[in-house]
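Trainee: Here is what each chain is made of, one letter per residue.
Number of protein chains: 6
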Amino acid sequence: MPLKQTTRDKLKTVSTATITTALFKRGLRRQMIQEVLPLDPAKPTMVGEAFTLRYMPAREDLNPISVFQDRGHPQRKAIEECPPGAVFVIDSCKDARAASAGSILVTRLQVRGVAGIVTDGGFRDSAEIARLAIPAFHRRPSAPTNLTLHQAIDTNVPIGCGDAPVFPGDAIVGDADGVVVIPAHLADEIADEAVEMTEFEDFVAEKVKEGRTILGLYPATEEATRTEFAAWRKDKGR
Amino acid sequence: MPLKQTTRDKLKTVSTATITTALFKRGLRRQMIQEVLPLDPAKPTMVGEAFTLRYMPAREDLNPISVFQDRGHPQRKAIEECPPGAVFVIDSCKDARAASAGSILVTRLQVRGVAGIVTDGGFRDSAEIARLAIPAFHRRPSAPTNLTLHQAIDTNVPIGCGDAPVFPGDAIVGDADGVVVIPAHLADEIADEAVEMTEFEDFVAEKVKEGRTILGLYPATEEATRTEFAAWRKDKGR
Amino acid sequence: MPLKQTTRDKLKTVSTATITTALFKRGLRRQMIQEVLPLDPAKPTMVGEAFTLRYMPAREDLNPISVFQDRGHPQRKAIEECPPGAVFVIDSCKDARAASAGSILVTRLQVRGVAGIVTDGGFRDSAEIARLAIPAFHRRPSAPTNLTLHQAIDTNVPIGCGDAPVFPGDAIVGDADGVVVIPAHLADEIADEAVEMTEFEDFVAEKVKEGRTILGLYPATEEATRTEFAAWRKDKGR
Amino acid sequence: MPLKQTTRDKLKTVSTATITTALFKRGLRRQMIQEVLPLDPAKPTMVGEAFTLRYMPAREDLNPISVFQDRGHPQRKAIEECPPGAVFVIDSCKDARAASAGSILVTRLQVRGVAGIVTDGGFRDSAEIARLAIPAFHRRPSAPTNLTLHQAIDTNVPIGCGDAPVFPGDAIVGDADGVVVIPAHLADEIADEAVEMTEFEDFVAEKVKEGRTILGLYPATEEATRTEFAAWRKDKGR
Amino acid sequence: MPLKQTTRDKLKTVSTATITTALFKRGLRRQMIQEVLPLDPAKPTMVGEAFTLRYMPAREDLNPISVFQDRGHPQRKAIEECPPGAVFVIDSCKDARAASAGSILVTRLQVRGVAGIVTDGGFRDSAEIARLAIPAFHRRPSAPTNLTLHQAIDTNVPIGCGDAPVFPGDAIVGDADGVVVIPAHLADEIADEAVEMTEFEDFVAEKVKEGRTILGLYPATEEATRTEFAAWRKDKGR
Amino acid sequence: MPLKQTTRDKLKTVSTATITTALFKRGLRRQMIQEVLPLDPAKPTMVGEAFTLRYMPAREDLNPISVFQDRGHPQRKAIEECPPGAVFVIDSCKDARAASAGSILVTRLQVRGVAGIVTDGGFRDSAEIARLAIPAFHRRPSAPTNLTLHQAIDTNVPIGCGDAPVFPGDAIVGDADGVVVIPAHLADEIADEAVEMTEFEDFVAEKVKEGRTILGLYPATEEATRTEFAAWRKDKGR
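Taken in order, these protein sequences are the chains called A, B, C, D, E and F. Under this note's numbering, the first residue of the first sequence is numbered 1, with each subsequent residue one higher. Under this note's numbering, the first residue of the second sequence is numbered 1001, with each subsequent residue one higher. Under this note's numbering, the first residue of the third sequence is numbered 2001, with each subsequent residue one higher. Under this note's numbering, the first residue of the fourth sequence is numbered 3001, with each subsequent residue one higher. Under this note's numbering, the first residue of the fifth sequence is numbered 4001, with each subsequent residue one higher. Under this note's numbering, the first residue of the sixth sequence is numbered 5001, with each subsequent residue one higher.
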């Protein structure tokens, strides 16, 4: 089930930091994909449902260069099947010694309307991918062809990515701090809560810049803060 | 397809070291499960076909202690379905911070006639498991319940284990040096070749103990060595 | 506040695996000291309240060999102050490239009636320490004097040890699987619950050895299992 | 005791590379905070006395989101107590899987006149922090709230940060190569020596750019070099 | 034997990603220097023959600051002996806790016409080196003087760098994805093949941007693709 | 220059822990080979001069199984050239994913009178090697043939082993805590000092077992301790 458009729109306005706090309040502490960062930190926030690809260690006899001759090869097939608006998430076993994908495949995803791509390995042609419009997240650049190390084995199954659990359809959000996985059934409520939290954080940031202490302000333990925030929202029309 | 009994018998007499050399000659360099060792190095060599279990990172809301109430839970189901004579191989994402299994499940596998168990994580109740007859291999002891970290997600699919590719049905062999994975279609020929290599290595070991140089002997670059080996085999009836 | 004698006695009869499950049920997932194992896995279970020592990285000018001339040196002082019955827990910053302590200090702890010693670094004189009666747990043997790397800085403050939080007075339990930290206020109830769990696990182990399937038995989802277990306890007088 | 203004001014003109060499000459080899880099490498050099915060692993029951309601929470208190001109240094146990702090707290430090912030973990809101005027150094961006992993436990005690020993009051200097810790009692003399060394390095750099060999020039083993350098300084009025 | 100028020119127009694929086809899977990236990813591609320097762990008594007084010190000597057009490759044992070199030595290499510098450790003065014209590749910035950790021991011998084998005279190519090592005897044919592959990849990239599916196009399993590519080359005059 | 027999005899009676302290007093802090342990911790202490072998990453085309046909292959040649009484030390780049050597080569060393073997990688046939009389030290068992990963490139050159510098001729001592490297020119004086230190440690150990506090005893800051020790030595005839 795809993300609601309103949820998608909300998630684009909040940070992964805020989302992880909302998840933490619900007892979910492992939803951040660890050690994965954007190739271009200046891109807008990435949002989409997870479409997954699972890699396993490549056995040499099963992974000559000729395997890509097969139109049904799971990696190439996945690239063509990932729905527009989704985020393509690859379980590369946290191993960036060979590439998870390169610029041609990532370009194809972009053209197909895919919302972003994430691997817990690395991309080749990283400079070109960074210049594409589609947001991409990895551990580090890695030139060697993925056949050196990875064999694509399964499409759209539950996977691990950077120690986070990823189920197909989970909401994936990525910004300069990395990528977070929101369980599908929580996407709407987390989006709502994160938008509210962001309102308050914006208010706090403004006050702190003006010289206010954080004590009593963040969190808003004083009644005065809560009153002031209400007035601020009204004033700003937020 | 199960291993032939003759192949199984041969593999029990050879070492993982010899097998990796035979695989290396065929261009297979990644078949050793890395950093995994026997809980009891004194056990006989473990041999069996791979039956696999895949773990992914556990999401907290999906993994309360009550999940094991479900008779269909993939981990418990896998324990009951693993065929006698097979080796139970778990992809624990190389993470031993929580247990892959404990002594009760491993005892159940033993009673069911399973040939061994391997994880690239760790076992709890490790002292008890070491005392069982069934050979077990892991990275290190790990007490925390597997729900802390691992969610069983798939049974008998291709997996990675300690950076080695494991396909269901592959021949798994384990000794004091660790565990090697022989692709199913090569099991018979590797078994034959490894038995032959072992004959020669035994001959060489004997000669080296007697004081012979390795030059010309190992490998047998001198005709005299090959003649002497032929005589030795005849003499020993091997 | 020291552990009650009854709690201490109970904890000596249960495993760290069982304890981690009881802690997991209470939402505590990080209480196992990671990657730390006994020097002698055959020793009885270690139980005691935590007495802590904190190391920080050694600055060379502050750590010549002469510092031990000072009777007030925190390491030596801690050795003399650790209460009998306590477990001496060292935060070595998970760094075993130099020793946390050696056989003379550990012998002194034993003579003073200390219940055990744990470091997330390593011990020197490891073979001698393994032969002492006092249980000791570390990552690996490490010969270099601790001044090479560690400076003792604080005694009996809250510390991290192997990624687990340790507060002075917490109940520390160690066996062949490693060392677990029970928050002080939970020690009594965890001890009780773990004893009960162990009763059931012993029953299950017996049944599994007799050939029973784990489904319906472990956990005891079937009424019949619970009835049978009640009878077994009565029968065994447990 | 705060840094002398003259010392502070001198340290702002020299590099961490030069300082580590001056420390090396005094037998101090471990004063570089390892694997920590600036969020914005283009900022001016950071200089200030260390004010420290110690984290330990977070125990779940002690770290619900509500702890920040407490005005005395060590992390929030430390933020308000760190003196203007100081550098706020956090011992995050080298663990960047959760945030050490976020943009609101770092902004508050900036407003309060703090000279910089360093953690051997990671910051959330990293893009915003990079845009602040205050220099910040970490291992990598990390979105999850620090309660996920870290519990603030002690303020202004000696700590380890990235394997370097840090005592409150030590002089902290950070540039594009990372952060170095100068023991407080050496700050003045190291500042003087580093300024002198920098004069010579600038001279050498100029000569090397002009095509001079490094042999005899760097270090200045030839009398001619020393004479030339003296003339160069005179000429430049340095 | 230096690289042919034509080979050098060709290698400057292709990517490390393309080269690793050409090497993979020849059974060479380990030629990428792992975890090493450019200080300035915007520089043109680096090409040159390997001139090597081997570091070993520094013994303190052999590595006082005075060793550089010796004109024959292997590090300084290597800097003066590296041929113009070569790439200076340092085996720093993958350890970036101290510097492999700093800006003065790298400037000297640039003035001498050296084509680039690579270490599997780190550089000090990293911001200055990034601004030089000469391309430089490392793991991360590292301020401490190399004497802290590294002792230069051998010049122009076979070494390991980032897990890749490097023989003097091998062709070294570096771009934003990192650095690849082409065995000397394969440099000409790899250059030719990579240029051809790049032609095709450019064609594919153009078609993918136009909306074409990758199936049948990449690789060119359909006759139509091959015909179209031939026409495209003719048209473009490539 | 071989070790004096008297020095060799003395070193056999002292521990690596004591030796590292004697080295620490001389400013040598990095002489312990890190993370390397005996295959059989019960063996007597290993002592001998270093004879070294350097491995580099194996390039696939240079390392087919047939290379051992060459009598001049550096690994095989080194085995035959290592002097009796020496310790064979291998720089395996701290990589145990393939074997450094196996039981046949180690047996040959034993027959030739070599005093021991050390690698910072791993041995295959580890159970057999553990049963040989010759002491052997490694990181962990590793079955794959060394050609998978390692290429022997140099004999008896200075190397790194487990982050320690090893020069040919250095005195190598190994026990249950691991292996330490004594610079050749210090071997005699370290042996003398370590024997003296061991006398005192034996005295202290006896007193501590009798219930004495360590304060004033260890180190012997009280005159009474020194007098008592003198009497103890006289009494024991040591």
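Because the hints were derived from the structure by calculation, they are not lab data. Note that this is a predicted model, so its numbers are computed, not measured. Check each hint, because a few of them may be wrong.
Below, a list of computed lysine-lysine pairs in the DSS-like style, where the Cα atoms sit at most 27 Å apart [unchecked claim]:
| id | chain 1 | residue 1 | chain 2 | residue 2 |
| --- | --- | --- | --- | --- |
| 1 | A | LYS209 | D | LYS3012 |
| 2 | E | LYS4094 | E | LYS4234 |
| 3 | F | LYS5025 | C | LYS2094 |
| 4 | B | LYS1207 | B | LYS1004 |
| 5 | C | LYS2094 | E | LYS4077 |
| 6 | C | LYS2209 | B | LYS1043 |
| 7 | E | LYS4012 | D | LYS3207 |
Example chain F residues on the side facing chain B (calculated, C-beta under 8 Å, incomplete) [claimed, not checked]:
| id | residue |
| --- | --- |
| 8 | ARG5026 |
| 9 | LEU5062 |
| 10 | PHE5068 |
| 11 | GLN5069 |
| 12 | ARG5076 |
| 13 | PRO5083 |
| 14 | ASP5125 |
| 15 | SER5126 |
| 16 | ARG5131 |
| 17 | ARG5140 |
| 18 | MET5197 |
Incomplete in silico selection of chain A near chain E, CB under 10 Å [claimed, not checked]:
| id | residue |
| --- | --- |
| 19 | SER66 |
| 20 | ILE79 |
| 21 | ALA96 |
| 22 | ALA99 |
| 23 | LEU105 |
| 24 | LEU147 |
| 25 | ALA205 |
All C-beta atoms, glycine included, are put in the ideal place defined by N, C-alpha and C.
Trainee: Confirm or reject each hint.
Mentor: Each hint tested on the structure:
no. : hint                  : verdict
1   : A:LYS209 / D:LYS3012  : 26 Å, holds
2   : E:LYS4094 / E:LYS4234 : 47 Å, violated
3   : F:LYS5025 / C:LYS2094 : 25 Å, holds
4   : B:LYS1207 / B:LYS1004 : 34 Å, violated
5   : C:LYS2094 / E:LYS4077 : 40 Å, violated
6   : C:LYS2209 / B:LYS1043 : 20 Å, holds
7   : E:LYS4012 / D:LYS3207 : 31 Å, violated
8   : ARG5026               : 36 Å, violated
9   : LEU5062               : 14 Å, violated
10  : PHE5068               : 5 Å, holds
11  : GLN5069               : 5 Å, holds
12  : ARG5076               : 6 Å, holds
13  : PRO5083               : 15 Å, violated
14  : ASP5125               : 5 Å, holds
15  : SER5126               : 6 Å, holds
16  : ARG5131               : 11 Å, violated
17  : ARG5140               : 7 Å, holds
18  : MET5197               : 34 Å, violated
19  : SER66                 : 8 Å, holds
20  : ILE79                 : 6 Å, holds
21  : ALA96                 : 8 Å, holds
22  : ALA99                 : 7 Å, holds
23  : LEU105                : 7 Å, holds
24  : LEU147                : 7 Å, holds
25  : ALA205                : 30 Å, violated
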